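Student: Take a look at the letters that make up each chain.
2 protein chains.
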Amino acid sequence: MAKPKKQPRPKAVTPKGFRDYFGEEVTQRTEMLRTIAGVYHRYGFDALESSAVETVEALGKFLPDVDRPNEGVFAWQEFDENDKGDWMALRYDLTAPLARVYAQHRNDLPTPYRRYAMGPVWRNEKPGPGRYRQFYQCDADTVGTASMAADAEICAMLSDTLETVGIPRGDYLVRVNNRKVLNGLVKDMFSSESDASEELVAGILRTADKFDKVGVEGVKQLLTKGREDASGAFIEGLYLTSLQADRVIEFLLAKADTDEETLRNLRAVVGGSPEGSEGVAELESISELLKAQGYGGDQISIDPSVVRGLGYYTGPVYEAELTFDIFDEKGRKRQFGSVAGGGRYDDLVKRFTGQEVPATGVSIGVDRLLAALREKGRISAQAKGPVVVTVMDRDRMADYQAMVAELRNAGIRAEVYLGNPKNFGNQLKYADKRNSPIAVIEGGDEKANGIVQIKDLILGAKIAESATLEEWKERPSQFEVPRGDLVAKVREILDNQD
Amino acid sequence: MAKPKKQPRPKAVTPKGFRDYFGEEVTQRTEMLRTIAGVYHRYGFDALESSAVETVEALGKFLPDVDRPNEGVFAWQEFDENDKGDWMALRYDLTAPLARVYAQHRNDLPTPYRRYAMGPVWRNEKPGPGRYRQFYQCDADTVGTASMAADAEICAMLSDTLETVGIPRGDYLVRVNNRKVLNGLVKDMFSSESDASEELVAGILRTADKFDKVGVEGVKQLLTKGREDASGAFIEGLYLTSLQADRVIEFLLAKADTDEETLRNLRAVVGGSPEGSEGVAELESISELLKAQGYGGDQISIDPSVVRGLGYYTGPVYEAELTFDIFDEKGRKRQFGSVAGGGRYDDLVKRFTGQEVPATGVSIGVDRLLAALREKGRISAQAKGPVVVTVMDRDRMADYQAMVAELRNAGIRAEVYLGNPKNFGNQLKYADKRNSPIAVIEGGDEKANGIVQIKDLILGAKIAESATLEEWKERPSQFEVPRGDLVAKVREILDNQD
Numbered sequence: 001m002a003k004p005k006k007q008p009r010p011k012a013v014t015p016k017g018f019r020d021y022f023g024e025e026v027t028q029r030t031e032m033l034r035t036i037a038g039v040y041h042r043y044g045f046d047a048l049e050s051s052a053v054e055t056v057e058a059l060g061k062f063l064p065d066v067d068r069p070n071e072g073v074f075a076w077q078e079f080d081e082n083d084k085g086d087w088m089a090l091r092y093d094l095t096a097p098l099a100r101v102y103a104q105h106r107n108d109l110p111t112p113y114r115r116y117a118m119g120p121v122w123r124n125e126k127p128g129p130g131r132y133r134q135f136y137q138c139d140a141d142t143v144g145t146a147s148m149a150a151d152a153e154i155c156a157m158l159s160d161t162l163e164t165v166g167i168p169r170g171d172y173l174v175r176v177n178n179r180k181v182l183n184g185l186v187k188d189m190f191s192s193e194s195d196a197s198e199e200l201v202a203g204i205l206r207t208a209d210k211f212d213k214v215g216v217e218g219v220k221q222l223l224t225k226g227r228e229d230a231s232g233a234f235i236e237g238l239y240l241t242s243l244q245a246d247r248v249i250e251f252l253l254a255k256a257d258t259d260e261e262t263l264r265n266l267r268a269v270v271g272g273s274p275e276g277s278e279g280v281a282e283l284e285s286i287s288e289l290l291k292a293q294g295y296g297g298d299q300i301s302i303d304p305s306v307v308r309g310l311g312y313y314t315g316p317v318y319e320a321e322l323t324f325d326i327f328d329e330k331g332r333k334r335q336f337g338s339v340a341g342g343g344r345y346d347d348l349v350k351r352f353t354g355q356e357v358p359a360t361g362v363s364i365g366v367d368r369l370l371a372a373l374r375e376k377g378r379i380s381a382q383a384k385g386p387v388v389v390t391v392m393d394r395d396r397m398a399d400y401q402a403m404v405a406e407l408r409n410a411g412i413r414a415e416v417y418l419g420n421p422k423n424f425g426n427q428l429k430y431a432d433k434r435n436s437p438i439a440v441i442e443g444g445d446e447k448a449n450g451i452v453q454i455k456d457l458i459l460g461a462k463i464a465e466s467a468t469l470e471e472w473k474e475r476p477s478q479f480e481v482p483r484g485d486l487v488a489k490v491r492e493i494l495d496n497q498d
Numbered sequence: 001m002a003k004p005k006k007q008p009r010p011k012a013v014t015p016k017g018f019r020d021y022f023g024e025e026v027t028q029r030t031e032m033l034r035t036i037a038g039v040y041h042r043y044g045f046d047a048l049e050s051s052a053v054e055t056v057e058a059l060g061k062f063l064p065d066v067d068r069p070n071e072g073v074f075a076w077q078e079f080d081e082n083d084k085g086d087w088m089a090l091r092y093d094l095t096a097p098l099a100r101v102y103a104q105h106r107n108d109l110p111t112p113y114r115r116y117a118m119g120p121v122w123r124n125e126k127p128g129p130g131r132y133r134q135f136y137q138c139d140a141d142t143v144g145t146a147s148m149a150a151d152a153e154i155c156a157m158l159s160d161t162l163e164t165v166g167i168p169r170g171d172y173l174v175r176v177n178n179r180k181v182l183n184g185l186v187k188d189m190f191s192s193e194s195d196a197s198e199e200l201v202a203g204i205l206r207t208a209d210k211f212d213k214v215g216v217e218g219v220k221q222l223l224t225k226g227r228e229d230a231s232g233a234f235i236e237g238l239y240l241t242s243l244q245a246d247r248v249i250e251f252l253l254a255k256a257d258t259d260e261e262t263l264r265n266l267r268a269v270v271g272g273s274p275e276g277s278e279g280v281a282e283l284e285s286i287s288e289l290l291k292a293q294g295y296g297g298d299q300i301s302i303d304p305s306v307v308r309g310l311g312y313y314t315g316p317v318y319e320a321e322l323t324f325d326i327f328d329e330k331g332r333k334r335q336f337g338s339v340a341g342g343g344r345y346d347d348l349v350k351r352f353t354g355q356e357v358p359a360t361g362v363s364i365g366v367d368r369l370l371a372a373l374r375e376k377g378r379i380s381a382q383a384k385g386p387v388v389v390t391v392m393d394r395d396r397m398a399d400y401q402a403m404v405a406e407l408r409n410a411g412i413r414a415e416v417y418l419g420n421p422k423n424f425g426n427q428l429k430y431a432d433k434r435n436s437p438i439a440v441i442e443g444g445d446e447k448a449n450g451i452v453q454i455k456d457l458i459l460g461a462k463i464a465e466s467a468t469l470e471e472w473k474e475r476p477s478q479f480e481v482p483r484g485d486l487v488a489k490v491r492e493i494l495d496n497q498d
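Listed in order, the protein sequences are those of chains F and U.
Those letters in the first sequence? Residues 1 to 498, by UniProt numbering.
Those letters in the second sequence? Residues 1 to 498, by UniProt numbering.
These are calculated hints, taken from the structure and not from any lab test.
It is possible that part of the hints are untrue.
You can't tell identical chains apart in this list, so a pair holds if it fits in one copy or across any two.
[Unchecked claim] Distance condition first, Cα-Cα at most 25 Å in a straight line; then the derived DSS-like pairs of lysine-lysine: (1) LYS11 with LYS84; (2) LYS433 with LYS462; (3) LYS210 with LYS220; (4) LYS447 with LYS489; (5) LYS350 with LYS433.
Please read these numbers as outputs of a predicted model, since none were measured by experiment.
Turn these sequences into a full structure, and let the hints guide you.
Tutor: Given below as structure tokens:
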């Protein structure tokens, strides 16, 4: 048999747009997902885990009749002799799989069906700084009910979740808006319900998103005759009348101190439009239900300036923002912004079954939430490493293994040094790289005398950094204790370090 | 703009070979992974999560120079105008990504590097009953040390893990073998270290795997002149001499009551072969280290009859078997078999860097372990559902929401019925489908009198099934309590149900 030609060495690189997560990055996310799942569970939501792979057909947006249906998703064709295998793809969110699962299993599932799902999703997009092609989502949805109680419940759960993971009341706000209010407003401004209103709503949403940048005057120009931007380029306007534009701005600025006032403002804005009135009534219902459960306006609040997602959802939309300030590398204050969003979408299952199935849900950006907690110093990215038992005599590995076994059985994270023990300095360097709190040393003399040396590495590092000679003498960071006291002394030092 | 042609409705089906996991299936796996991670962590192993996607080049087995490199893996080509994009694939295990990560980050990682990883892997294989194309693995590996202490540690950790997740001592056995012993034996039987010995070892492993089916005599025939099977077909033999075959059988049967005796038998079998002697010495070292940590022969044991994996690994191999009996649908006793396996592989990183990096590790089959615990009745696949607050008066949704909020704040899983409340029977049917332990009812009369009705659904179901009329009168399953006692009474009933 001919030997295969020698291949060049493969490159050891993470594929472009993907990344590896190490140590605490992994365990902190796991812990957060667990905490969130606990809240969702208490609300009666059931776990669902669908596979990462779906047929392109079921995913929807991406049709199998084009040659390469992987715009936006990672897709491939199943092998088939006639090249007619199904196109498969990695899920790009957790909502499309939910629609498929609900349509497939609807006879076995309870109605309404409350489910939560957490896991990675994949996007075949150009990666950028901080933008990856695999990231985590953490969703909760209620399928099969049009009741506003379902939307109120999602908002309440979102508030509870944020407080449970460590964002206290006052440091976040869940803001609620409703697509129907804006729809109604636009319909009320024009006599006919022409196709143009869809486009107009989209245009208004795009414009509203520029509020921060161009202010009320700028928005008014963009809604009417257009506007020249800083570079001198002319941005076409939407050609509303001045009165109409004022009404839209009134809508966007309708937020008042209380929900009651905000709702009154909105009622004035939508005029006689039935859809608009329905939207306001829905918001009112959500607001009342939340008050009955004791939520305050500093936790959840009606806010028409939330326009993100309005184009996608069909009724109420919600968004959770962190409201505390953080500071960037240059010391500039900035807001952290949105960490969760969702809303009502009533036509997701229809694709499969032809029946309209109302649904509402939320998606939490777990990685952003983690980043926020880290920036606020509420969790540390650097955890304590294990106690390292060093190896002074390689023939007595069994003794050292017995020590780590004792430590572990006492619930203490511990390991024996498994590298080449010849150079003791390397062992301490290793302990340092592991961020170890303590090193344990037992050489031949110690063994003969029935003792062990226990080195407090954290105190040692502190002393090395700043102590005077006197302090150094006074506060030893290395202790000699009887072998039998190993576990007790290690625990004492660990407790003092916390 | 022309409207797009109407598409036929997509099929709502899980892709072939994949499945959806619901409720307890998900949470029990999550809980088990968490428990295992806890043990790994205590042993000083650090979490690593690489992405699901790797370049085909880095994955190794599958080369990008063929037209469709997705034999065994799910692979696709990155989009590139010249059709020269990289081939990407879903990882098929957690070891290949570890090799890539270690080669890529080796200057930043501690040496030795102990890491654990858990998550789904994907295989592009023909699905079969119980065989899925996505499944979970849960691995721990130590990279960068040739010390047998690393192998002993993995075995100890595996034993601890099994006992921690609920398999008690005596219900499992970690069995340890070493590839070098068999290699040495074969080399000792032939004068030259020809290529043939590789093939011969493979043949012996194939034969040894048939022990259960054909017995000692059958194995001896297969090792020598060949054998006619039950159907009359002739299976070619390996053409060893009778003496040589006896030696191989001696190896396979070398297991004795204690490791000491087993090692003595192995020493006799390998004769003067240096590689064989090294293998025996390695096993001896592992055995001694484990004894020093207090592990018994009923937990971890040297056993040369373990041949699975011997072809793949380069030194010690280990396998964890569940030893208790289970019964199939027809009441037949069978063994559950292997739930974890691993061993030493010393050339994994070399592909990338040219340097040999010793490594050893284990992979736990989480789904098999869960199935075993379920079969033994140690965990139940059916968990208690939430308390369901029914809706008697749809205008008082806020009242019902306040009730579930109270229950949840007391840590009780609870939800309000969100379907159409018109038909009360449907609400109870829903509670039944949700496996609810309790339904709460507050109609207009109850509201007026400041009371609620609390229905013990589990007791109710029991009574409905078997009670006489007298018993039914004696043991009411529905209670009327003051509204203020709602939480206390619900908790009392839940406690009694446990």
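Student: At most 25 Å between C-alpha atoms: does LYS350 with LYS433 qualify within a copy, between copies, both, or neither?
Tutor: Classified as between: cross-chain Cα gap 24 Å, same-chain 55 Å, threshold 25 Å.
Student: Checking LYS447 and LYS489: alpha-carbon separation at most 25 Å within a copy, between copies, both or neither?
Tutor: Answer is within; shortest intra-copy Cα gap is 17 Å, inter-copy 62 Å.
Student: Measure nothing new, just compare the shortest in-copy and cross-copy C-alpha distances for LYS210 and LYS220 to 25 Å and report within, between, both or neither.
Tutor: Classified as within; 11 Å inside a copy, 83 Å across copies.
Student: Treating 25 Å as the Cα threshold, decide for LYS433 and LYS462: within, between, both or neither.
Tutor: This pair counts as within: shortest intra-copy Cα distance 16 Å, inter-copy 60 Å.
Student: Evaluate LYS11 and LYS84 at a C-alpha cut-off of 25 Å and name the case that applies: within, between, both or neither.
Tutor: This pair counts as between: shortest inter-copy Cα distance 17 Å, intra-copy 33 Å.
Consistency with the previously given hints is maintained throughout, with no hint failing.
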